[in-house]
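Asker: Chain by chain, the residues run as shown.
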Amino acid sequence: MTVLLALALGYTGLTCLALGMKRHHQELLGRKPTEARLRLFKAIGWLLLLATTAACLMLWPLGLALSMVPILVTLVGLPLIFLLPYRPALARHLAWALPLVAGGLAVGGLG
Amino acid sequence: MNGSLRQSMAWLHTWSGLLLGWLLVAVFVTGTSAYYREEISLWMEPELHQSTASDDTMDLAWQTLGRIAPEARSWDISLPDARNPAVQLRWQPAGEEQPRQGGGRNRGEQAWMDAGSGEVLTPRETRGGHFLYRFHFELYGVPRLWARWLICVATMFMLVAIISGVITHKKIFKDFFTFRPGKGQRSWLDAHNASAVLALPFHFMITYSGLLLFMVMLMPWGIDAAYDGDRRAFFDEAFPRSTEAPGPAGEPADMVAIGPLAEATAARFERPVSRIEVQHPNRENARIRISVEQDVAISGRRRGGSPTQVFQGSSGDLLETIEPSQAPAPLMGKVYNVMTNLHLVRFADPVVRLLFFFSGLAGSAMVATGMLLWVSKRTQQLRRQQPGAALKLVNGLNMASITGLLAAIGAYFAANRLLPTALAERSSWEIRVFFLVWLVSLVHGLLRPHRRGWIEQLAVITVLWLALPFVDMATTDSHLFSAAAWRLGALAGFDLICLLLGALWGYTLWRVARPKPDKRKPARARQPALAEGNT
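Protein chains in written order, with the working numbering: chain A, 21 to 131; chain B, 985 to 1519.
Be careful, since some hints might not be right.
Result set (DSS-like, lysine-lysine): computed pairs, CA atoms no more than 27 Å apart in a straight line [what the hints assert, rightly or not]:
1) A:K52 - B:K1318
2) B:K1167 - B:K1318
3) B:K1167 - A:K52
4) B:K1154 - B:K1361
5) B:K1167 - B:K1155
6) A:K62 - B:K1361
7) B:K1154 - B:K1167
8) B:K1376 - A:K42
9) B:K1318 - B:K1154
10) A:K52 - A:K62
11) B:K1376 - A:K62
12) B:K1376 - B:K1158
13) B:K1158 - A:K52
14) B:K1167 - A:K42
15) A:K42 - B:K1318
16) A:K42 - A:K52
17) B:K1361 - B:K1376
18) B:K1376 - A:K52
19) A:K62 - B:K1318
20) A:K42 - A:K62
21) B:K1155 - B:K1376
22) A:K52 - B:K1361
Worth flagging that the hints you see were computed from the coordinates, not collected in a lab. These numbers come from a predicted model, not from an experiment.
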């Protein structure tokens, strides 16, 4: 379990939460979402943030881990906010690519 | 009712933010640098860079202290660790203890030793990262108590600004991910909101824990009342530790070799030895305390409590083994510890430190965008009239507090490399360079027209920060392309961060300076307000 994976999960989680909002959904995917889809993305987003929390708990002792969750989310959220208007496609692709790369590195023991 | 509350909160947020923002940017930026104050100090003392620890390091330190301070009342040896390659030797000279000015224990003499050769190193005189660290909570050249009160009040208003900002923000969740580029004031507001809302837990934590640290420093009356003015008793209760007064020195006697004792301690705790303290060295009642690195729990104590073994100096007999303390701290102490540990990043994990560093940068950006937003809003209200004196003043102060401070810090690092090592009062001169550059940037910011001023200052800091690694290359043997820099990590990291930040300033310069295709409606300008100020 690596910090990179925790960061990647946080990024994807936040992107899913953004996809759960009408305006950003259109911005990112270019089509009008149904209510059900929005709810689905929101649920996935929160689940991924839970996974980030779990990853932090594996990395650090309890007190530090709980403090690190918002810090990690902040650090991946800021780039996301600026990617959304300028490079929506990149933001979308990073959301699936980052966890894959970070997960691969973690499995390979390189991260 | 709701509207008027929001309005008054907006007013409070705007003016407390603006008036204390200039100070808060400096506190945030220098405070962020303080996460790496040891590394900065190390970078600023290149004479220590070639030192490498070996198996003989402890014996060498033992011999060196025996040579330069055989009569001392106590010795204190800090061995090299991941953040410092050299050995720090401290000792209390023989004779009566001279109380330090302003109370507190005298720290005695100190010297640096090369961990590989045992020779005493004399690093160039510098305050290193500690100058920036100290600046972030007590400024410089101002009476300490006054400065601390000033920063404490600023911190308090930071908390006020955070809370009033949250109340003022109309759509905190709806606009959570929103950034609308190229819309002037709107974009600055979005950028300010983004850096503030997302990082709210960090800002709150760092501000609140800062206040807690100040509480004990500045407002001891509650503690005085509860403990009958015995502040020591509060600390003893909140952070218990053993206190033993050293007796008088005994007759001269030889001490045993340190190597086997240290090996025994390292084996007992299964960790390398980090520190050796000796009471009454070279006397029959000499006591040797050998400590290993301590795991810092987030709610653990700030100091003391390292696993330690105490030996009789003349015989080498083991007197006492002090286990890592398991005693649970009282709840009050725990809360205090968690907060202050988070503020001070008192855990060894380098990844956590880096993440805090980036969070600190985001925090600095949050304060800075808020101040730029103030100017942007009023520039847009001008509708192409000439800006008045107040706006010019605020803009000049913004420039000095943002680009000016960055120029001053860059100049401080450069001065460390370029000032002659033999210069009298060298460390003061480094600091003078820092303040001179800052002053020049303020004067420049007040005199130059709006947009040109920003462009010129951004150009200066870009060149300055990008040049730092090259100045390093020209003046030391531990630059980016040397083995020493990468062996220590911190040195290479310092130069790389300089390049990275220099590139960031350069990018900002490019965004500000490039010509606008359409003057009335800049397509995607990030600093449209700055552009319009010039017209």
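Asker: For every hint, state whether the structure bears it out.
Answerer: Hint-by-hint comparison with the structure:
Among the hinted pairs, A:K52 with B:K1318 is inconsistent with the structure: their alpha-carbon atoms are about 50 Å apart, more than 27 Å. In summary, the hint linking B:K1167 to B:K1318 is not supported, as the alpha carbons are separated by about 47 Å, beyond the 27 Å threshold. Only pairs whose Cα atoms come within 27 Å are accepted, and B:K1167 paired with A:K52 is accepted, the gap being roughly 25 Å. Distance restraint check for B:K1154 and B:K1361: the Cα-Cα separation of roughly 17 Å lies within the 27 Å cut-off, and the hinted pair is therefore satisfied.
Distance check on the hinted pair: B:K1167 and B:K1155 sit about 18 Å apart at the alpha-carbon level, within 27 Å; holds. Only pairs whose Cα atoms come within 27 Å are accepted, and A:K62 paired with B:K1361 is rejected, the gap being roughly 35 Å. Of the supplied pair hints, the one linking B:K1154 and B:K1167 holds, its CA atoms being roughly 18 Å apart against a limit of 27 Å. A distance of roughly 42 Å separates the Cα atoms of B:K1376 and A:K42; the hinted pair therefore is violated under the 27 Å criterion.
Restraint check: the Cα-Cα separation between B:K1318 and B:K1154 comes to about 36 Å, which exceeds 27 Å; the hinted pair is violated. Proposed proximity of A:K52 and A:K62 is supported: the alpha carbons are some 16 Å apart, at most 27 Å. Of the supplied pair hints, the one linking B:K1376 and A:K62 is violated, its CA atoms being roughly 46 Å apart against a limit of 27 Å. Taken as a hint, the B:K1376 and B:K1158 pair is broken in the structure, with Cα atoms around 35 Å apart against an allowance of 27 Å.
The suggested pairing of B:K1158 with A:K52 holds, with an alpha-carbon distance near 17 Å, which does not exceed 27 Å. Proximity of B:K1167 to A:K42 is assessed by CA-CA distance (about 22 Å); at most 27 Å being required, the pair is judged to hold. For the hint pairing A:K42 with B:K1318, the CA-to-CA distance comes to about 44 Å; that exceeds 27 Å, so the pair is violated. With a C-alpha separation of about 7 Å, the suggested pair A:K42 and A:K52 falls inside the 27 Å cut-off, and the hint holds.
A distance of roughly 13 Å separates the Cα atoms of B:K1361 and B:K1376; the hinted pair therefore holds under the 27 Å criterion. For the given pair, B:K1376 sits about 47 Å from A:K52 by alpha-carbon distance, which is inconsistent with the 27 Å threshold. Under the criterion of a C-alpha separation no larger than 27 Å, the hint pairing A:K62 with B:K1318 is inconsistent with the structure, at around 36 Å. Simply put, A:K42 and A:K62 have alpha-carbon atoms about 11 Å apart, close enough for the 27 Å limit, and the pair holds.
Proposed proximity of B:K1155 and B:K1376 is contradicted: the alpha carbons are some 32 Å apart, above 27 Å. A distance of roughly 34 Å separates the Cα atoms of A:K52 and B:K1361; the hinted pair therefore is violated under the 27 Å criterion.
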